[in-house]
Amino acid sequence: MQAELSDAELDELWQRHLEGHPLPADVTAHATIRGPQLIISLPPARTFWTRQEQPRQSRAWHKVLVLG
Numbered sequence: 030m031q032a033e034l035s036d037a038e039l040d041e042l043w044q045r046h047l048e049g050h051p052l053p054a055d056v057t058a059h060a061t062i063r064g065p066q067l068i069i070s071l072p073p074a075r076t077f078w079t080r081q082e083q084p085r086q087s088r089a090w091h092k093v094l095v096l097g
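As numbered in my numbering, the sequence shown has no gaps in its residue numbers, which increase by one up to the final residue, 97.
A few of these clues could be false.
[Claimed, not checked] Using C-beta positions, here's what the derived DEER-type ranges look like:
1. D55 with Q83: 27 to 33 Å
2. R63 with S87: 25 to 31 Å
3. E38 with A74: 17 to 23 Å
4. G97 with A37: 17 to 23 Å
5. L94 with G49: 24 to 30 Å
6. L96 with G49: 27 to 33 Å
7. G49 with G97: 30 to 36 Å
8. Q83 with H59: 26 to 32 Å
9. G97 with E48: 30 to 36 Å
10. T61 with S35: 16 to 22 Å
11. P73 with G49: 28 to 34 Å
12. S87 with E48: 25 to 31 Å
Read the hints as simulated data drawn from the structure, not as lab findings. No residue lacks a Cβ here, since even glycine has one placed at the ideal position from N, Cα and C.
Taking the hints into account, I'd like the entire structure generated from these sequences.
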């Protein structure tokens, strides 16, 4: 799994999670107060993707990269 994914790929992963299908081993999914969140763990980094209902930029999924 790569850390850079398109909105369509992230939406597909979230939909798989909602339908109860297994996600790749390096991906976890959570419903948060801010919206759906997918976490991709590719040591030494984790990428947090959160979907925004009203996108502030051109993308619906916002990325935060955490190193370490």
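To see whether the hints hold, each was checked on the structure:
1. D55 with Q83: 27 to 33 Å: Between D55 and Q83, where Cβ atoms are some 29 Å apart, the hint holds.
2. R63 with S87: 25 to 31 Å: Since the Cβ atoms of R63 and S87 sit about 19 Å apart, the hinted range of 25 to 31 Å is violated.
3. E38 with A74: 17 to 23 Å: With a Cβ separation near 18 Å, E38 and A74 satisfy 17 to 23 Å, so the hint holds.
4. G97 with A37: 17 to 23 Å: With a Cβ separation near 30 Å, G97 and A37 fall outside 17 to 23 Å, so the hint is violated.
5. L94 with G49: 24 to 30 Å: Given a distance of about 29 Å, which is inside 24 to 30 Å, the answer is holds.
6. L96 with G49: 27 to 33 Å: Given range 27 to 33 Å: holds, Cβ gap about 32 Å.
7. G49 with G97: 30 to 36 Å: At roughly 32 Å between Cβ atoms, G97 and G49 fall inside 30 to 36 Å, so the hint holds.
8. Q83 with H59: 26 to 32 Å: Check failed, 20 Å falls outside 26 to 32 Å.
9. G97 with E48: 30 to 36 Å: Taking Cβ atoms as reference, G97 and E48 lie about 33 Å apart, which means the hint holds.
10. T61 with S35: 16 to 22 Å: For T61 and S35 the Cβ distance comes to about 21 Å; the hint holds.
11. P73 with G49: 28 to 34 Å: With Cβ atoms ~31 Å apart, the hint holds.
12. S87 with E48: 25 to 31 Å: Given about 27 Å between the Cβ atoms, the range holds.
Comparing the model with each numbered hint stated earlier shows that hints 2, 4 and 8 do not hold.
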